[in-house]
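> From just these sequences and the hints, can you work out the full model?
Going line by line, the protein sequences match chains R and A. Each residue of the first sequence is one higher than the one before, counting from 374 in our numbering. Each residue of the second sequence is one higher than the one before, counting from 6 in our numbering.
If you are wondering where the hints come from, they were derived from the structure by calculation, not from laboratory data.
Reference excerpt, derived from the structure (chain R facing chain A, CB under 7 Å, subset only):
#	residue
1	E385
2	A386
3	F388
4	A389
5	D392
6	D403
7	E405
8	A406
List of simulated lysine to aspartate or glutamate pairs, EDC-like, C-alpha gap at most 20 Å:
#	chain 1	residue 1	chain 2	residue 2
9	R	K381	A	E192
10	R	K381	R	D422
11	R	K381	A	D193
12	R	K381	R	E425
13	R	K437	R	D447
Built from N, CA and C at the ideal position, the CB exists for glycine as well.
One letter stands for each residue in the lines below.
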Amino acid sequence: MNERMIMKQLNEASFAMDDAVLYLDTHPDDREALSYYHQAVAMRREAMDAYEALCGPLMVDAVKSLDEWTWLTDRWPWEGEA
Amino acid sequence: MNASNYMYFNRMGCTAPEQASCRPLGAQAPSCCSEMRCDMPPAGIRPWLEPSQVQMTGIQPEQAQTAKSPRPWTAGFQSGQVQMTGIQPPQTQAAEARPLPMQPGAGQSPQMQPGAESLQAQPGAAQASQMEGMCLGMGERMCPEPGAMPGGFCGEGDMPFCGLSEQFPVGMGYVPMQRWQSTYSMEDGFRRGTIFPELDLPFMMGRCI
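So this is what it looks like as structure tokens:
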């Protein structure tokens, strides 16, 4: 799976999570919606991990390197695929 | 669905829609609890488009034609002209796609004669016919005639609004409470802009279709 496909899955899962959040804001006791939210969060987390393993940190708090500040040295999304 | 809608139900002392019952917040039961479920609109109001009609099949050509063409069963009741059994829409499916009864043309035609009060004897059928025409074409009125509802009272020409002001305070906007149903796949949800098929409506600039 390439960077583009991972980012697509990440965007889809993130959008689904946000839409579920909007619903849960007005239906806090809806267990089906809460289950969907957790499912979307898990898929989003999975996509984020896959993206970061391939392309480096997606968000600044995902920098794991102890040797180098990889937030600056990794490629940025607008630099195209590797 | 938004937070203000949720707050409205809470403010009115109503329970969440899933519980489908009412609990008074104060000493006096809220008005919404007297005759109806808090999460339900007034009798006769229903979603004007089912998700299946929107996403799966779309509006059929004959339905679209129905929505745009004059509707003889609402275009102005004449005394003795329209029987209660004669104002059914041409298609059951078209009736399901019927909009909310906010359009005034159905029951407040100037030609409406006193004899038409027989419609009030069968409110269910009358409301079905009055829900015609919510989906307006460009240029059509969405507001009642000036002076048609003086002082908020229901006159003979205000049948589509009768009862609504008694159940809901005027000057407020109301949105039916959303319920969790089936969702799009995440891929489709991202592409459609919503994961909820019931919210995936064919909005167009300036009007609904």
